[in-house]
Every structure is written in structure tokens, then in C-alpha cells.
Amino acid sequence: MTHPQTLLDKLWARHRIGDGGDGADLIAIDRVCLHERTGSVALKSLRDAGHQVQSPERVFSIMDHIVSFRSGRGADESRSPGGDVFITETRKMALEAGINLIDTNDPRQGIVHVIAPELGIAVPGVSLVCPDSHTCSLGALGALAWGVGSSESEHAMATGCLRVSKPPQMRITVTGRLRAGVTAKDLALHIIARHGVAGGRRSAIEYCGEAISALSIEERLTLCNMAVEFSAFTALIAPDQTVLDYVSGRPFAPRAQEQALARTRWAELVTDQGATFDHELSVDATEVLPMVSWGTSPEHAIPINGSVPSSAEANVLHYVGLEPGQAVAGLPVQGAFIGSCTNGRLSDLRSAAEVLKGRRVAAGVRAVCVPGSHEVRAAAEAEGLDIIFKEAGFEWGAPGCAMCFYAGGQTFAPGERVISSTNRNFEGRQGPGVRTHLASPATVAATAIAGRIASATDLFAETLS
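Add 8 to the 1-based position in the sequence shown for our numbering, that's all there is to it.
Think of the hints as simulated: they come from the structure by calculation, not from any bench. Among the hints, a few may not be true.
What follows is a list of derived Cβ distance ranges for each label pair [what the hints assert, rightly or not]: (1) K174 / T250: 25 to 31 Å; (2) A387 / G58: 42 to 48 Å; (3) E104 / A421: 39 to 45 Å; (4) A421 / E321: 39 to 45 Å; (5) G338 / A390: 34 to 40 Å; (6) E266 / E331: 36 to 42 Å; (7) E331 / A83: 46 to 52 Å; (8) G184 / Q281: 47 to 53 Å; (9) K174 / K398: 47 to 53 Å; (10) V324 / Q265: 52 to 58 Å; (11) G80 / G392: 19 to 25 Å; (12) A387 / G204: 33 to 39 Å; (13) A386 / Q265: 27 to 33 Å.
Just so it is clear, CB atoms sit at the ideal spot from N, CA and C, and this is done for glycine as well.
Using the sequences and the hints, build the whole thing.
Written as C-alpha cells, this is what we have:
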């Protein structure tokens with residue numbers, strides 16, 4: 009009798025090609041993604057060591073991290089002084105290596121974790137690595153995807169495999185349905201706040217349950233994206249019909265004549281009844297409320313009408329300029345950002361536009377929206393969302409990571425309080441001294457309009473009163 013297996017067990021077994029020693033395995037890597045911040049270094053190091061990229065067609069170099077988000081930007085325009093060198097060197101090395109290059113002016117360009125699903129680079133069952141911690145996003149499609157270092161990406165390009173120890177496994181079952189107005193971002197912050205940033209225990213986390221099945225692909229990508237903020241090795245969701253329909257026909261997905269076989273193999277990627285996990289968590293979706301962070305870690309998050317905990321550390325409070333017991337709702341903000349690999353997708357822009365339509369950003373607030381990819385930007389513009397954003401007073405940027413992290417320029421001023429749809433609120437993450445509050449795109453939009461931290465529900469209630 010076959011021992012019941014988890015989704016990770018099956019993905020691991022399909023890619024295990026040998027014993028790596030010391031308990032590690034050699035895992036075949038199907039696809040490698042690079043970005044311009046480290047891509048040229050990895051490619052140059054590989055070349056200088058006398059190695060070639062084993063399968064260039066499986067490697068993708070994407071410009072996203074430090075490209076300028078200025079609308080109408082030049083091909084080499086960067087957010088950081090001297091950043092153009094990273095762009096030009098990565099372009100040169102990618103062309104020399106013969107790998108897939110998705111350049112700044114390519115209509116397929118965008119944030120790697122946004123375009124990998126769009127282009128079918130990430131599909132169920134593949135193994136994929138990238139020197140970026142948010143690669144775990146792609147587990148939303150049933151891919152075995154995780155972030156690696158630059159040297160590991162070199163190794164994967166040269167050999168087609170990596171030596172890696174199988175992580176412990178955690179299952180998070182989310183029962184019930186999320187309330188109206190509560191998003192996957194809120195769910196992610198709810199879990200991290202409840203169990204702490206170390207709660208994921210370096211595990212491969214499988215999300216399941218009624219609430220997960222009800223999520224759209226974009227919402228699943230958001231949830232899995234935040235798993236690294238929970239200290240997970242990666243995140244996974246078993247591919248269902250929603251996923252199979254999503255990946256069908258995408259440029260790098262299996263071609264039409266291969267689809268039937270692929271679908272059969274993808275359908276097997278489910279956890280067997282009776283399979284066991286190292287850790288189990290259960291979450292009641294109906295208890296999740298719109299969330300916002302107050303401190304300098306994603307675990308410093310509370311329902312938007314909550315207060316700063318009395319146990320908050322003094323150094324954190326000093327940085328964010330708050331007091332124990334202080335309400336977060338109503339705090340004045342000077343900045344608002346919608347974008348990033350967490351919440352820069354079309355559904356994110358739609359939810360924000362619903363709030364912004366017919367309203368204006370408060371005086372003194374700089375509000376910026378940067379779509380996650382050209383595809384997202386074009387789709388949003390086809391729906392007229394860009395007009396809504398611009399008429400509300402938002403800047404409408406060119407695709408890339410933008411203000412998700414500080415790159416030396418194009419940021420908010422020191423000391424400013426910013427509501428942000430990004431994934432990290434560490435000290436200096438969005439610029440020296442910038443105080444970042446994480447939230448969903450709808451909450452960011454509502455806050456930008458109010459000029460103070462507010463939920464969309466509160467904003468609509470005020471409008472009606």
C-alpha cells in the first residue's frame with residue numbers, strides 16, 4: 009500500500025535526482041529567473057569560472073528591481089544613482105549567455121513574480137528558483153518555487169540542479185469564507201500577527217480549506233507572497249480547475265498538444281487523505297478583519313480599528329513615532345503607495361479604483377500607483393482605471409518594484425508616514441526614516457483619500473452620513 013503523500017512530497021519526489029549528502033537532496037531545477045540587481049553578477053561569475061548556462065531556454069532575465077517607475081522612462085533609467093550600470097550589464101550578459109531577456113522596454117516586462125504567472129513561466133509542477141525571497145509567491149500555482157542566493161542561481165544555471173534539504177511541512181487550513189471587504193493581504197497579516205514572524209518555522213506551508221479554494225489566482229499569489237514574512241521556506245496551494253484554466257495558453261506553458269498530459273500530471277498534485285504534516289494551524293476566515301501594521305515588522309499588525317499594544321518595544325515605538333495604546337485609525341499620513349509583487353496586480357488596482365472613483369487624495373499626501381507589469385498596466389488602462397487614479401491625484405507609474413524598497417532615489421521623505429500595499433515595513437525599507445504601514449490596496453486608497461489611516465468601509469460610511 010502506498011504511503012499517503014503531501015503535495016510537497018509529490019513535488020519533491022518528481023524533482024529529486026540524487027542524494028546530495030548530509031541529508032540533502034539534489035533537486036532538478038526546471039526554471040531560473042534573474043533580475044538586474046544581481047543577474048549580471050551571477051552571469052559574469054559563471055562565465056569567468058568557465059561555465060556556460062546549461063539550458064539557456066530555461067533561464068529568464070527580467071528588469072524590475074531598480075528600474076525607474078517614471079512614466080516615459082528611458083531604457084536604462086534607474087531609481088538609484090549608478091543603477092543604470094546594473095541594467096546595461098545585465099542586458100549585455102543575458103544576450104551573451106543566450107538566455108531569455110525581458111528588457112525594460114519589452115511589453116512583457118514587469119515584476120518577476122507578477123510576470124512569471126502571466127507568461128506561464130510558473131505553472132503547476134515545475135521547480136523554479138530566483139534570487140529573491142518572494143519567489144514563494146509562485147507556489148500559488150502549485151509550483152515548487154523558492155528564493156535562493158546569487159551563487160545558488162549560478163549553480164542552478166550551470167548544472168540544472170541544486171543541493172537542498174527537504175524542509176519541514178506545515179498545513180494551514182482556513183475554514184469558512186472571508187467577509188466582504190476582507191482580502192488575502194488581510195488574511196496574511198492576520199496569520200503573521202497571530203503566530204509571529206517565526207511562526208512558519210522554515211516550513212513548506214500548504215494553504216488549504218474553503219477560504220483558499222474561494223480565492224482568485226491573484227489573491228492566492230498575494231497570500232503565498234507573504235509566506236516569507238512568516239519565515240516559510242516556501243508556500244503551496246494545490247492546483248485546482250481555477251489554476252488549470254488560468255495557465256492554459258500562456259506563452260511558456262505547455263503547448264496545446266501537450267496540455268492533456270500536463271493536466272493529468274497536474275491533477276495528481278494534491279495532498280493524499282491521511283498524509284501527515286510536521287505542523288498544523290487552523291484559521292477561521294470569518295474572524296479576519298481589515299488589517300494594518302503599526303510597527304517595523306509584518307507581525308506588528310492589528311485590525312484597523314485596534315490600538316498599539318502596551319507591550320510594544322520602545323525602539324520600535326520611537327521609530328514609528330507612536331505610543332502604547334494609541335489608536336492607529338486616524339493617524340495622518342503623508343504618502344500612499346499601491347504596487348509591488350504583493351499587491352500590484354489588476355484585481356488590486358480594481359479594488360483601489362472602487363474606493364478612489366469620484367474622490368480626491370487629501371492635500372499633503374503624495375500618492376503613487378505602479379502596476380506590477382505592462383500587462384497589468386495595459387489592462388487597467390483599457391478599463392479606464394488609470395483615469396480614476398490620475399483624477400484622484402495618484403501618480404501613474406511604469407512597471408517595476410518601485411517604492412516597495414529603497415533604492416537610493418524616487419522615495420518618500422524621512423519621517424513621513426506612508427500607507428503601503430507592499431510586504432515589508434522594516435526600518436528604512438521605503439527610505440531612510442520612512443514609517444511604513446502595511447495594508448490592502450483598498451485600505452491604502454481609503455487612507456489616501458482621508459489623509460489619515462482609514463478603511464474603505466469607514467470612508468464609505470462617512471460619505472453616506
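Hint by hint, here is what the structure shows:
1. The beta-carbon spacing between K174 and T250, approximately 28 Å, falls within the hinted interval of 25 to 31 Å.
2. Range check, A387 to G58: Cβ separation about 44 Å, and the 42 to 48 Å hint holds.
3. A hinted range of 39 to 45 Å holds for the C-beta pair E104 and A421, which are about 40 Å apart.
4. At about 25 Å, the beta-carbon gap between A421 and E321 misses the expected band of 39 to 45 Å.
5. A hinted range of 34 to 40 Å holds for the C-beta pair G338 and A390, which are about 37 Å apart.
6. For E266 paired with E331, a C-beta distance near 60 Å fails the hint of 36 to 42 Å.
7. Taking the beta carbon of each, E331 and A83 are about 48 Å apart, inside 46 to 52 Å as hinted.
8. At about 21 Å, the CB distance of G184 to Q281 disagrees with the hint of 47 to 53 Å.
9. For the pair K174 and K398, the supplied restraint of 47 to 53 Å holds, since their beta-carbon distance comes to about 49 Å.
10. Judged by the Cβ atoms, the range 52 to 58 Å given for V324 and Q265 holds: they are separated by roughly 56 Å.
11. Look at G80 against G392: about 20 Å separates their beta carbons, and that is inside 19 to 25 Å.
12. Between A387 and G204 the beta carbon distance is about 37 Å. The supplied range of 33 to 39 Å therefore holds.
13. Look at A386 against Q265: about 29 Å separates their beta carbons, and that is inside 27 to 33 Å.
In this structure, the hints that do not hold are numbers 4, 6, 8, in rising order.
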